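Asker: One letter stands for each residue in the lines below.
2 protein chains.
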Amino acid sequence: MLAVLRLGHRVGRDVRITTHICLAARAMGADKVFLSGEKDESIIKSIGGVVKRWGGKFEVEYRKDWRSVMKSWKGKTVHLTMYGEPLNDRIGVLRKEKDLLVIVGAEKVPSEVYKNADFNVSVSGQPHSEVAALAVFLDRFFEGKELEKRFPKAKLRIVPQAHGKQIDANV
Amino acid sequence: MLAVLRLGHRVGRDVRITTHICLAARAMGADKVFLSGEKDESIIKSIGGVVKRWGGKFEVEYRKDWRSVMKSWKGKTVHLTMYGEPLNDRIGVLRKEKDLLVIVGAEKVPSEVYKNADFNVSVSGQPHSEVAALAVFLDRFFEGKELEKRFPKAKLRIVPQAHGKQIDANV
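Sequences listed follow chains A and B, in order.
Here the working numbering is used: position 149 in the first sequence is 345, and no number is missing along the way.
Here the working numbering is used: position 21 in the second sequence is 217, and no number is missing along the way.
Okay, chain A solo, but in the shape it has when bound:
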C-alpha cells in the first residue's frame, strides 16, 4: 500500500494543483490519496470519474484530521520537502518499505510534519512543485515499472502511437 497525504488544500486556489497530485498519484502507481485542508467534493468526484473511465482501484478520501492519518499509518511516512535529505541518498532505503505514506504539503507545512515524519526527503533542494516532486518520487520508488501498469476494468485505453491519437473504447 502506497498512499499520498495532501496537506492544506484550499478550495478555489488549489483545485488544479490538488487534482494534478491525485491524477499523477493514480497514473504512477499510488493506491490512494488522503486529502486534507478544506473539504472539496469536486475533486473527489472528478477523480472518481477518471477511475470509472480509465480503470483501476485508486481512491481519494477526505480526512479533516491529517494528524490521525499520520499517526494511524502502519508503515513509514516520508514528507517531500526541499529542506529534506536528497532523494538520491534515501530512495534505496525507502524502496524496501511495503507500506509507505508520502506527504506533500501546500505553501505552509506545520513544523510537526518535519518532526514526526520518519523521513524528510528533497527532490532537489530548489523551490519547485509538489506535483513534480511526487511524480519523480513515485517513478523512482516503483523503478519505472509503474508506467507499464495495467488498470483493470478500464472503459478507455490508449494505443500508443508515434504520431496521432488512438483510444480503444470499452476494452
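One or more hints might be untrue.
Identical chains blur together in the list; that is why a pair holds if it fits in one copy or across any two.
With a straight-line cut-off of 25 Å between C-alpha atoms, the simulated DSS-like cross-links for lysine-lysine are [unchecked claim]:
#1 Lys304 to Lys361
#2 Lys341 to Lys267
#3 Lys349 to Lys270
#4 Lys341 to Lys292
#5 Lys228 to Lys292
Since the hints were derived computationally from the structure, they do not count as laboratory data.
None of the values given here were measured: they were computed from a predicted structure.
Using the hints provided, position chain B relative to the given structure of chain A.
Answerer: Below, chain B without anything else, positioned relative to chain A:
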C-alpha cells in the same frame, strides 16, 4: 541545451500550473522555457525572482508564435502526451540528443504538434499532469544527476536536514 515549450497558457486559469512547469523545469536541469498562448508577465517576473535568489542561468521567454519555436529549433523535438510511445521505450534514444525541445501542452494541443514533433512520448498512457510528465521526463533524461546540480550565484541555498529546515543565505 534543453528547452521546454509550454503551449496554450491561459492567464488566470493556468498561472499556477505554468509556474510549476517553469519551476520544475529549472530545478530539474532545463535551461529555458518558452511560454506560448496568452502573454503573462507575472510568470516571467516571478520566475526571474526565483533565479535571482536561487541562482543559475535559467530563463523564461514569451513567444507568441510557437510554430516558429518548433521550426527554428536546431535539435530534435519531443512532445509529451498520453497518446505517445512509452517513455521506457524511447528514453534511451532521446538521451543521446544534445539539443532537445520538450513540448508540453495545455488542454487542447493542435494536431500539427503530434505530426511535426520528432517524437511523441507518453509518461504513462493515463490522464494525469503535464507538470508530472515533464518532471519524470527530465529526471530520466538527466539520469537523476540533475538533483545534484549546483546553481551558481545563488543567494540562498538549502542545507539538507533529516528533520527541520536550514537555509544558508548569501552563499
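Asker: Run every hint past the structure and note whether it holds.
Answerer: Here is what the structure says about each hint:
In this homomeric assembly, Lys304 and Lys361 come within 25 Å of each other (Cα to Cα) only across copies, at 13 Å, whereas the closest approach inside a single copy is 40 Å. In this homomeric assembly, Lys341 and Lys267 never come within 25 Å of each other (Cα to Cα): the closest approach is 30 Å inside a single copy and 34 Å across copies. In this assembly of identical chains, the alpha carbons of Lys349 and Lys270 never lie at most 25 Å apart, being 29 Å within a copy and 44 Å across copies at closest. Taking the shortest alpha-carbon separations for Lys341 and Lys292, both the intra-copy value of 15 Å and the inter-copy value of 22 Å come in at or below 25 Å.
Taking the shortest alpha-carbon separations for Lys228 and Lys292, only the intra-copy value of 19 Å comes in at or below 25 Å, while the best inter-copy value is 36 Å.
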